Amino acid sequence: NAGVTQTPKFQVLKTGQSMTLQCAQDMNHNSMYWYRQDPGMGLRLIYYSASEGTTDKGEVPNGYNVSRLNKREFSLRLESAAPSQTSVYFCASSELGSYNEQFFGPGTRLTVL
Amino acid sequence: AQSVTQLDSQVPVFEEAPVELRCNYSSSVSVYLFWYVQYPNQGLQLLLKYLSGSTLVKGINGFEAEFNKSQTSFHLRKPSVHISDTAEYFCAVSTNSGYSTLTFGKGTMLLVSP
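Taken in order, these protein sequences are the chains called A and B. In this text, residue positions in the first sequence follow the working numbering: the first is 1, and each later residue adds one. In this text, residue positions in the second sequence follow the working numbering: the first is 1, and each later residue adds one.
One should not assume that every hint holds.
[What the hints assert, rightly or not] Taking CB as the label site, the calculated pair distances span:
hint, chain 1, residue 1, chain 2, residue 2, range
1, A, Asp38, B, Glu20, 24 to 32 Å
2, B, Ser26, A, Gln17, 36 to 44 Å
3, A, Pro83, B, Asp8, 40 to 48 Å
Hints were generated in silico from the structure; no laboratory data involved. From a predicted model like this one, the values you see are computed outputs, not experimental measurements. Where is the CB? At the ideal position from N, CA and C, for every residue including glycine.
Make a model of the complete structure from these sequences and hints.
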């Protein structure tokens with residue numbers, strides 16, 4: 001039981017390049033989330049998927065797209081990376097319901113030059 | 001919409017001393033409250049949560065928090081900290097109105113020194 005896994009762990013991009021961050025969970029959770037963490041800003045929600053087949057914007061969606069590929073997998077795509085997207089990205093999952101604990105992956109550290 | 005304020009960005013404390021990390025929230029509807037901990041270079045893990053019932057909530061690693069509705073607070077406490085408690089702590093809130101996502105505070109770095 002691996003929980004929430006994220007790939008890659010580290011990535012360096014040049015401005016304008018694209019990439020996809022992968023996330024998978026093996027807990028049979030309905031809901032999945034993408035956050036970014038910046039120093040002094042806490043975690044900010046980028047996109048979430050309340051259940052398979054649905055996605056919604058969070059607080060900071062600009063410059064990102066997501067795909068809920070199936071119940072297990074939720075990917076985050078940067079179409080044209082910008083230095084402002086340098087951050088640590090966390091994926092999380094939970095059972096449906098806002099009272100439920102979210103389980104977090106180990107994070108992807110992304111640097112955009 | 002809900003919001004969370006963590007009043008201290010950093011709290012230095014000596015080993016075996018008590019500590020309190022402060023959290024205040026704002027919401028127009030009933031809330032669920034959470035404390036998460038992040039150890040260096042790791043993801044977040046749940047320390048404790050308040051859903052309803054008793055206002056004093058006990059969590060892992062000897063932490064506890066008290067929900068105070070009148071003061072809209074959910075402060076985290078530990079009577080005696082260890083070096084291993086050095087980490088960043090995040091308070092978070094969601095609501096019971098429809099589908100609510102978690103809103104996190106900016107975090108408090110707890111620095112425990114010998």
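Open item on the list: Range first: 36 to 44 Å. Now tell me if the beta carbons of Ser26 of chain B and Gln17 of chain A are that far apart.
Closed with: holds (39 Å)
Open item on the list: The hint says 24 to 32 Å between Asp38 of chain A and Glu20 of chain B; measuring C-beta to C-beta, is that right?
Closed with: holds (26 Å)
TODO: With respect to the beta-carbon atoms only, verify the hint that Pro83 of chain A and Asp8 of chain B lie 40 to 48 Å apart.
DONE: violated (30 Å)
In this structure, only the earlier hint numbered 3 is contradicted, and the remaining ones agree with it.
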